[in-house]
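Engineer: For the sequence shown, numbering that gives the first Met the number 0 begins at 0 and goes up steadily by one.
In case anyone wonders, no lab produced these hints; they're calculated from the structure. Where hints are given, some of them may not hold.
Unchecked claim - Here are the simulated lysine-lysine pairs, BS3-like style, with alpha carbons at most 25 Å apart:
{"no.": "1", "residue 1": "Lys175", "residue 2": "Lys112"}
{"no.": "2", "residue 1": "Lys175", "residue 2": "Lys49"}
{"no.": "3", "residue 1": "Lys172", "residue 2": "Lys52"}
{"no.": "4", "residue 1": "Lys175", "residue 2": "Lys52"}
{"no.": "5", "residue 1": "Lys2", "residue 2": "Lys49"}
{"no.": "6", "residue 1": "Lys172", "residue 2": "Lys13"}
{"no.": "7", "residue 1": "Lys118", "residue 2": "Lys49"}
{"no.": "8", "residue 1": "Lys2", "residue 2": "Lys175"}
{"no.": "9", "residue 1": "Lys112", "residue 2": "Lys2"}
{"no.": "10", "residue 1": "Lys13", "residue 2": "Lys175"}
{"no.": "11", "residue 1": "Lys49", "residue 2": "Lys13"}
{"no.": "12", "residue 1": "Lys13", "residue 2": "Lys52"}
{"no.": "13", "residue 1": "Lys49", "residue 2": "Lys172"}
All of these numbers come straight from a predicted model, not from anything done at the bench.
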Amino acid sequence: MAKRTPGIFYVNSKTTSPHLSEEVFTRWYHDVHIPDILATSGINSASRWKSIKLESVERPFLAFYPCNLEFLHTTEFFDIPTASELLSDPDCTNGSSFGVADFDTRGYERIWKEDDGTKGPREYLITVMFDTSSEDFKKLVQEAAPSDVKPSRAQLYELNFAWPMPGPELKTKPAKYLAMAGLY
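Throw the hints in and build the complete structure from the sequences for me.
Structural biologist: Structure follows, in structure tokens:
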């Protein structure tokens, strides 16, 4: 039986073309790209977020896809279309998403989770990336969350891989851990 490593495909992005509006980028993501991803056999849900602190983040958009990380190395995954007529622009005539946006893509392995059982989507998502030598996962998530916040759903992930995309290389090595907490 093939190895199955539960985790998430994490994609942080920003537009780089002056000809691509946030509205068109969002429409491409929601109406074209995410449906293409969900049509695969390896990913069956997606979540996309926008930072509420646009001025303080390099990439304001976050999409993540729960999956087994092995799927992210298959031909089926690499065959997901990344170009669209929606993304065509005078500087990038082939409609490639990589020509009009910058993506930070990573695979994270889930190593801990806690859920209060409350159903439904969360209004806010807090993400914190950090390095540590501690192995107390619950303590790590509690320390990463703001002191006045009690998340309704929390997960801790460990970096499995980071893919440099066409364009500038990663400036720094990504943090080893990613804590995510959903809030109402």
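Engineer: Indicate, hint by hint, whether the structure satisfies it.
Structural biologist: Status of the hints after comparison with the structure:
1. Lys175 x Lys112: holds (17 Å)
2. Lys175 x Lys49: Holds, at roughly 23 Å.
3. Lys172 x Lys52: Measuring from Cα to Cα gives roughly 23 Å; hence the hint holds.
4. Lys175 x Lys52: holds (23 Å)
5. Lys2 x Lys49: violated (33 Å)
6. Lys172 x Lys13: holds (19 Å)
7. Lys118 x Lys49: holds (22 Å)
8. Lys2 x Lys175: Given pair Lys2, Lys175 holds - Cα atoms ~22 Å apart, limit 25 Å.
9. Lys112 x Lys2: holds (20 Å)
10. Lys13 x Lys175: Distance ~22 Å between Lys13 and Lys175 Cα, so the pair holds.
11. Lys49 x Lys13: Holds - the C-alpha atoms of Lys13 and Lys49 are around 10 Å apart, at most 25 Å.
12. Lys13 x Lys52: Holds, at about 14 Å.
13. Lys49 x Lys172: holds (23 Å)
When each numbered hint is compared with the structure, a violation occurs for hint 5 only.
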